[in-house]
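Novice: The primary structure of each chain is shown beneath.
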Amino acid sequence: MGLAEEFGRDRVFNTPLTEQGIVGFGIGMADMGHTAIAEIQFGDYIFPAFDQLVNEAAKYNYRSGGQFNAGKLTVRSPCMGVGHGALYHSQSVEQFFMAVPGLKVVIPRSPIQAKGLLLAAVRDPNPVIFLEPKILYRSSVEHVPVDDFTLPLSQAEVVQPGSDLTLISWGAPLYSCIEAVNMLRSPPASVAKHFPASTRNVNIEIIDLRTILPWDRETVTKSVAKTGRCVIVHEAPVTAGAGAEIAAHIQQNCFLNLEAPVQRIGGWDTPFPHVGELFYKPEAVRIADALVKSLTF
Amino acid sequence: MAASAPRLGQLLASTRSVASCSRTLAAPTCSASPSSLRLAATLLTRGISSTAAANKDGDQPQGSLPGHPTSVFLTSLNDSFFDRVKPKTLSGNANAQGGIPTYRLLDGVGKLLPGVTEEMVDIGEAEAVKMYRTMLLLPAIDVILYNAQRQGRISFMMTSYGEEGAVIGSAAGLDGADEVFAQYRESGVLLWRDFSLDHYMSQVFGAEDDLCGGRQMPVHFGSTKHHFHTISSPLSTQIPQAAGAGYALKRTKGREGNVVICYFGEGAASEGDFHAGMNLASTTKSPVIFFVRNNGYAISTPAAEQFRGDGIASRGPGYGMMTIRVDGNDALAVRSAVKAAKQKALEEQRPVLIEAMTYRVGHHSTSDDSSAYRSKQAVESWKQMDNPLHRMRNFLTDRGWWNDSLEEETKAAHRKSVIEAMGRAEKKKRPRLSAMFEDTYRGDLPENLKEQRAELAALVAKYGSLPGWAKELEKHAQGGKDMEQYLESQK
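Protein sequences appear in the order of chains A and B.
When you line the first sequence up against full-length UniProt numbering, it's residues 1 to 297, in that order.
When you line the second sequence up against full-length UniProt numbering, it's residues 1 to 491, in that order.
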């Protein structure tokens with residue numbers, strides 16, 4: 001809002017309605033050394049640009065021996081559920097890009113995080129896909145410094161330290177994770193019988209992964225080696241979701257420390273439905289249930 | 001193939017009749033179909049009855065394009081451009097017989113068409129000779145590398161046969177600092193810009209000093225110094241990128257005199273990225289020249305199965321884009337069309353579409369045998385009747401700028417320098433093995449890549465003596481020893 005008025009129409013402008021064109025155009029600008037911040041209206045519509053992102057932006061530097069690159073390109077796009085977005089205004093798309101060497105994929109959880117990580121993404125010398133959880137656009141409020149600041153990419157953040165279980169997530173579901181931990185501590189009377197006393201006062205370490213690719217293996221493995229238990233939560237379908245990659249890495253690097261199987265909680269392996277979103281997304285109670293399973297294994 | 005044989009035969013027959021007509025149009029003894037004869041007669045009548053002024057203006061049609069009888073030749077550059085869909089403009093002008101006309105300066109044997117003045121050709125001896133010399137370098141490289149691939153010395157090759165005029169003509173119409181986005185059959189642009197044969201061969205052989213790090217298949221060139229953006233295999237992806245580059249160029253101080261040129265084939269124009277790029281360049285008013293090499297085939301798919309409209313040029317006005325169709329085998333017409341296009345792109349801050357009509361004489365690539373889908377005879381007759389090299393050679397010879405001994409000397413010198421450069425490249429080492437992990441990201445290597453590099457280092461230390469591995473490691477710079485520094489003590 002107001003950027004075009006402030007910086008001019010040649011810097012902030014409309015494009016024709018073409019996602020493959022928008023990303024291709026952004027690559028061309030970045031290739032010429034200009035900073036290009038492209039927007040895809042919804043993450044669900046990034047797929048027409050998949051070829052430009054995967055075959056072009058990601059490989060530009062490698063294939064040219066570093067002569068040309070698309071590093072000055074940042075693609076911003078809203079992502080994740082919004083309550084009623086159904087199939088094409090709800091998707092989490094990070095896992096598709098997690099398999100693409102050359103790209104960086106970043107998802108913030110709050111206004112401060114969004115500003116700091118976006119500025120880092122724009123300045124990073126590699127093409128970055130910056131996915132913004134749209135349900136937080138108006139619901140998440142905090143004091144954000146007006147000054148210039150950045151937060152590091154490829155660094156997870158321990159949001160809440162703990163010693164009994166590592167809970168990993170990113171974006172909007174992090175709030176469900178916090179809710180789940182609170183539910184575990186004082187469950188509603190109607191379901192309290194499912195939360196054994198032994199699980200109520202545990203210390204759960206909550207990690208915000210923040211960067212999906214290249215992700216912070218060190219923070220994650222260090223945490224799981226300490227706690228011995230891990231639950232990974234994301235909104236995308238479970239099969240081949242980002243959680244699969246993280247879980248595989250944990251079993252390989254924390255095998256001797258694990259006290260329970262790594263659990264993955266995500267959307268079901270269906271398209272994102274219109275009605276029934278409550279039962280589709282990883283809500284607090286589903287996460288709390290997974291925490292209990294892990295803690296009582 | 002059996003089912004399509006009669007149709008191919010028909011195509012061939014009609015092609016020939018039009019071809020012979022076009023070649024001999026100057027003489028009124030054209031043995032062609034009745035309609036072609038009528039056309040020729042009309043043209044001749046017009047030619048005779050037209051005034052000297054009309055000839056000077058050069059707007060009289062001069063024969064038609066082989067394989068495309070509705071497209072007549074125009075020699076007037078200004079009349080050849082159009083940017084709106086109106087019955088008359090889409091047909092070029094009243095002379096166009098319903099199809100988009102083709103801009104041309106030389107006839108099939110390299111003579112200036114009636115009405116074409118030296119001023120319209122606008123070229124001096126040095127440049128014309130350099131053009132022809134560079135055009136001759138392409139087949140010299142093609143024949144040697146094509147055979148090298150057949151002998152298994154390189155993995156892959158794509159030749160430029162038949163398109164020498166389109167590629168070199170366009171390169172000559174540009175400034176060396178104009179930005180080039182290419183498909184893959186435009187290495188002539190690099191050669192025109194004096195890209196060294198050593199760099200050329202190093203790319204093809206994946207040698208240690210390849211500017212692109214030996215990572216891509218042969219003929220995927222790139223060079224910052226030559227403003228030639230690295231080629232990639234996915235078709236048309238460069239088209240919207242060129243639009244973005246044009247927009248960036250427009251906003252770069254000191255580059256006001258430069259444009260972007262973006263090459264692609266008529267097959268690639270069927271991709272969605274063509275539509276995206278054309279529309280974006282037009283709406284953002286970016287100085288980009290889109291240069292389509294319409295060579296009749298996309299691998300085995302003939303143009304007739306690629307589109308139903310009047311080629312690619314007919315799409316230009318739909319995007320509000322200034323457009324011209326040019327005879328791609330007339331290197332001088334291509335050069336002047338590109339020059340004019342560049343001037344229009346800069347003056348009017350808008351993209352221009354050029355459709356160069358040519359013919360892919362060679363196979364699509366070394367992985368293709370084109371005789372499986374078109375007759376060798378058709379290719380041969382095309383080479384004979386409409387050859388960009390012959391036309392340029394005759395043009396030069398008529399002016400006394402070229403002769404048989406220069407021809408022989410140049411061909412021998414080209415052959416020698418190509419063979420020598422190939423010999424040098426073949427002896428070069430491949431890049432260090434560890435370079436395989438580098439440049440995936442700019443900046444620090446991410447942890448996963450460090451781990452994987454260490455994993456390969458351990459494997460090389462363990463199994464490097466396997467005959468298969470040892471033989472391959474030997475080909476790399478440092479023989480794979482560079483990996484040792486990445487060995488991690490076992491956990």
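Just so you know, these hints were derived from the structure itself, not from any lab.
Check before you lean on any hint, since a few could be wrong.
Derived, one-sided and incomplete: chain A residues facing chain B with beta-carbon distance under 7 Å [claimed, not checked]:
| # | residue |
| --- | --- |
| 1 | Q155 |
| 2 | A156 |
| 3 | P214 |
A few chain A positions that, by computed beta-carbon distances, are all more than 12 Å from chain B [to be verified]:
| # | residue |
| --- | --- |
| 4 | E6 |
| 5 | G24 |
| 6 | G26 |
| 7 | H249 |
Ideal Cβ placement from N, Cα and C applies to all residues, glycine included.
Novice: Does each hint hold? Answer for all of them.
Specialist: A quick look at each hint next to the structure:
1. The interface hint given for Q155 (chain A) is violated, since its Cβ lies 11 Å from the closest Cβ of chain B, which is over the 7 Å cut-off.
2. At about 12 Å, the closest approach between the beta carbon of A156 (chain A) and any beta carbon in chain B exceeds 7 Å, and the interface hint on this residue is violated.
3. For P214 (chain A), the interface hint holds, the least distance from its beta-carbon to any beta-carbon of chain B being 4 Å, beneath 7 Å.
4. Here E6 (chain A) stays apart from chain B, with its beta-carbon at least about 17 Å from theirs, past the 12 Å limit.
5. A beta-carbon of chain B comes within 12 Å of the beta-carbon of G24 (chain A); the shortest separation is about 3 Å.
6. The Cβ of G26 (chain A) sits about 6 Å from the closest Cβ of chain B, inside the 12 Å cut-off, so the non-interface label is violated.
7. Annotated as non-interface, H249 (chain A) brings its C-beta within 12 Å of a C-beta of chain B; the closest such distance is 9 Å.
In the structure shown, a violation is registered for the earlier hints numbered 1, 2, 5, 6, 7, in ascending order.
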